[in-house]
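Protein chains: 2
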Amino acid sequence: MKITNLFTKTTKHIDEEVKAVSHNYLTRAGFVHQEMSGVYTILPLGRRVLTRIENIIRKEMDSIGSQEVTMPVLHPKERWIKSGRSEMDVLFETKSRWSKSEYFLGPTHEEIVVPLVGRFLSSYKDLPISVYQIQTKFRDEKRAKSGIIRGREFVMKDMYSFHETPEELEEYYEKVKLSYLKIFDECGIKAKVTKASGGDFTKKYSHEFMALSSAGEDLIFTCLDCSYAENSEVSQLKENDSCPECQGKIFLKKAIEVGNIFDLNNKFSQDFNLFYTNEKGEKKMPVSGCYGIGTTRLIGAIVENNHDDKGIIWPATVAPFQVHLISLNQESEEIYQRLLDKNVEVLYDNRLDKTAGEKFNDADLIGIPLRVVVSSKNPGQVEIKKRNNEEVSLVEIEEFIENI
Amino acid sequence: MKITNLFTKTTKHIDEEVKAVSHNYLTRAGFVHQEMSGVYTILPLGRRVLTRIENIIRKEMDSIGSQEVTMPVLHPKERWIKSGRSEMDVLFETKSRWSKSEYFLGPTHEEIVVPLVGRFLSSYKDLPISVYQIQTKFRDEKRAKSGIIRGREFVMKDMYSFHETPEELEEYYEKVKLSYLKIFDECGIKAKVTKASGGDFTKKYSHEFMALSSAGEDLIFTCLDCSYAENSEVSQLKENDSCPECQGKIFLKKAIEVGNIFDLNNKFSQDFNLFYTNEKGEKKMPVSGCYGIGTTRLIGAIVENNHDDKGIIWPATVAPFQVHLISLNQESEEIYQRLLDKNVEVLYDNRLDKTAGEKFNDADLIGIPLRVVVSSKNPGQVEIKKRNNEEVSLVEIEEFIENI
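Residue numbers (the working numbering), protein chains in the order written: chain A, -15 to 388; chain B, -15 to 388.
Just to be clear, a hint being listed does not mean it is correct.
What the hints assert, rightly or not - If you want the footprint, here are the derived chain B segments under chain A, 3+ residues with CB under 8 Å:
{"id": "1", "stretch": "15 to 24"}
{"id": "2", "stretch": "73 to 81"}
{"id": "3", "stretch": "159 to 173"}
Hints were generated in silico from the structure; no laboratory data involved.
Glycine included, C-beta positions come from ideal geometry on N, C-alpha and C.
The following block holds chain A by itself, in its conformation from the complex (with noise of 0.2 Å):
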């Protein structure tokens, strides 16, 4: 893409009120605009860039068996009287006009799915059965900050499993653990699975996935050493205690949760009366576990564990382009339609106006893994650079292409 056809354009401005530095950078390069307090609109850049780390998570979930489907956002409120959860205090309401119909905005979808899945479950040959979808949440947060990572609105990938025994949910919680891990991996996060509180359903612990970041509004008590770590709200240990893993040190850190998952027992079956047929003709209920990762605010979370003073170094895996290409008094055209014949995604800073220093401003900002000048001052030649290195190198143009 030309960056002259991209409609937004890099701004100096720096917004007071939100003091994370991914809020800033994203909001300063164009990837996100805040509409209202926690309200965001999602721009080309951060589309391209939410696009892929949605494909990311849909090949994982995929990869192990579980379907994708999309779910409404109005709720009936009488499921949620139903479950009992009508009164949090995080649920957006509205109704309508026309018919006695009163609707909660849904924050998370187990009163939809549990029901469905009742609507097709008859034997224990349906079981297991795994359900996502990737969907607009909405959570009145009291107070909605650190820009794109606690949002009032916000998308999120959520998955719910349902098993004939606790065993079986045990093996498949292990398994979405393990793909969560990959998934944050792939984005470019070290996340720490982290034992934190089950919440009201079930006397066991949760886990929650933690990327260490003075944003974070999470605090954990972490190893460094190894991988080791217990969310504060639950945690007996203390500063400078040694690691249960490793005997290594334990730090208090802050840190965002991009990912959490809940052995939700049969809470939820019990509430819609969910049953099967087990292999003896007996009704039984299911056990069933829900998994979630934000996607809008690993957005954010990708941004906090990768940047320098300048702007975001954006993993390869889910950059908006591959390549930055820049114009300097020369004319690139050329190199530009040869890249796009390779399929290769190319930003293409084409601006006549902007001098060589704003164009590399621009570049470090935005954050695209490779940096790629042409100048009349390297005839034949392109200057590479890639982000996360200071290196710079000359290669002739025609192995250039060849070798990308």
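Assemble chain B onto chain A, guided by the hints.
Same frame as chain A, but now just chain B:
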């Protein structure tokens, strides 16, 4: 995918309340599930169709230089007061219990996109700008009927363009018209470009894209010899008039509006003080257009236009799978695997507890383009049948796999 892994099942249940054939087939085959009046879950088979539709649309929108974004569902109420549309009776309202914020759930996004473009627009060099999204919309319809064709919550591709002159807008408008016809054609719908009321913002006509269907809620005067059509709400024509284009005969027909395009003139530029500086340094207001396609509605319209008395007949371009592989008393795992290895999308009916008749009925209902039967009656061969054709033929397995 193995049919035993699909958590949905076909049902014989017919919904008496909704008359549309598309609703009954889509529900019975397990493409969508009605949660309540006008609100649906898109099930795994439906999700696959919707993703294909979305990708057809994305490719076209990108090819006419539009940029994908995702704007929020929550709109600040003030914006709608500013545009004079806050009294529209399709608006759902909600509010935050913590702040004073009041919101509408977006039924369309002019109130968001125009100020957004205003943030980046300064010079005539920035124009034209075209922005689109594929996003969930909310409209509090008085009567939500005809299944997925008219929902209270539905998904739409909406696009907005901004230009210096009415002539440039006109030119883009015509380009979009051709793009839309291409999209509908690729989705297996013969849509008629229909003159309709321009609405409140322009004295000109707007255009609707109408698919003839008995489930439609619009009435159009149309020629069946050529593509000429006018919405009955604005037409001077009557039945049996002669067509203004080809002198054929004019009929009054029911139709589904699958898309519409509007000339907004400078209505919203005025509301939101949208300006740019022209070549002479003068402050000017851009003119704009908006362009919509209902993507979830399109699923319904495609089925209305592509079915017989046994079920759906998906066009290959939007089908959930390309091959429906049925195994009858014969292990077909190897054929299934070899098709997957060739990247063929296969729904594999591996059920042991169903009769041949039940499997054939399900295949007809679900409507995948090619049915392939493996049976012990025909060793070394498969029986193939297209969904839109009664002809059945026997082919050597190797030949079939080679040529697919």
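Evaluated hints:
1. 15 to 24: Our answer is that it holds, as 6 residues pass the Cβ test (under 8 Å) against chain A, meeting three.
2. 73 to 81: holds (count 7)
3. 159 to 173: Since 0 is below three, the answer is violated.
Hint 3 from the list above is the single one not met by this structure.
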